[in-house]
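Student: Here is what each chain is made of, one letter per residue.
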Amino acid sequence: DQQVKQNSPSLSVQEGRISILNCDYTNSMFDYFLWYKKYPAEGPTFLISISSIKDKNEDGRFTVFLNKSAKHLSLHIVPSQPGDSAVYFCAASQNQAGTALIFGKGTTLSVSS
Amino acid sequence: AAGVIQSPRHLIKEKRETATLKCYPIPRHDTVYWYQQGPGQDPQFLISFYEKMQSDKGSIPDRFSAQQFSDYHSELNMSSLELGDSALYFCASSLVRGLVDEQYFGPGTRLTVT
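Top line first, the protein sequences correspond to chains A and B. Numbers in the numbering used here are just positions in the first sequence, counted from 1, shifted up by 388. Numbers in the numbering used here are just positions in the second sequence, counted from 1, shifted up by 1.
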């Protein structure tokens, strides 16, 4: 059973607009959430994270929102740029030293100019 | 900034052979993780080490073993290789600090078993 779900396999956005990527989780023990960006044949690149004690974290063009009651998080990218085109993975963990990240299946974002 | 280093980047082995993948974490990071990513799949956690002790264990086959050494680098040993072991193997490292535990990934080793 997939504990972290990214229900949209793909998303297309115009340059300059907002990209919103969504993620749902089922395990209430998860307390730390991360977003990664990945290009083919490369390792995932860390983008932004959020602890369950917060509901929002912002870093430049990237903002992550967490709704614990709905077990839902989202990544907002504003403004979107063509270089943002990649696969975005949502990941979750129980925040203890050395604990595994559980990944979603990923969403492919395409930003057109 | 220094990143996670993995070697080799590409490896071709035959069935029933053995393979050793190496991972050098970001300096001062104390935790190392191994993940396997099959074609079109999300990364699947194999095993992790915190301060040289096994910390968490995922879907790692019994044919695989791993360890973290005194200099914090880690090796993943894979024996009796099967065609299904062909995948990208990622190593990640982190420095656990309270509520923050961001894992930084290496470029991966592409293993092909023929």
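It should be emphasised that the hints constitute simulated quantities derived from the structure, not laboratory data. Treat the hints with care, as some may be off.
Said to hold, decoys possible - Calculated cross-link-like contacts (lysine-lysine; reagent style DSSO-like; alpha-carbon spacing at most 30 Å):
id, chain 1, residue 1, chain 2, residue 2
1, A, 459, A, 442
2, B, 23, A, 444
3, A, 459, B, 58
Unchecked claim - Now the in silico label distances, taken between C-beta atoms and shown as ranges:
id, chain 1, residue 1, chain 2, residue 2, range
4, A, 455, B, 70, 24 to 30 Å
5, B, 18, A, 447, 42 to 48 Å
6, A, 404, B, 83, 33 to 39 Å
7, A, 391, B, 76, 27 to 33 Å
To be verified - Covered, in the sense of this in silico footprint (three residues per stretch, anywhere, with C-beta under 8 Å from a C-beta of chain A), are these stretches of chain B:
id, stretch
8, 15–22
9, 62–68
Just so you know, even glycine gets a beta-carbon here, dropped at the ideal spot from N, CA and C.
Student: Evaluate each hint against the coordinates.
Tutor: Quick rundown of the hints versus the structure:
1. A:459 to A:442: 13 Å, holds
2. B:23 to A:444: Not OK: residue 23 (chain B) and residue 444 (chain A) at ~37 Å, beyond 30 Å, violated.
3. A:459 to B:58: 25 Å, holds
4. A:455 to B:70: 24 to 30 Å: Once the Cβ atoms are compared, 42 Å apart, the range 24 to 30 Å for residue 70 (chain B) and residue 455 (chain A) is violated.
5. B:18 to A:447: 42 to 48 Å: With a Cβ separation near 44 Å, residue 18 (chain B) and residue 447 (chain A) satisfy 42 to 48 Å, so the hint holds.
6. A:404 to B:83: 33 to 39 Å: 48 Å, violated
7. A:391 to B:76: 27 to 33 Å: 29 Å, holds
8. 15–22: It is violated: at least three residues are needed, and the stretch 15–22 of chain B offers just 0 whose Cβ sits closer than 8 Å to chain A.
9. 62–68: violated (count 0)
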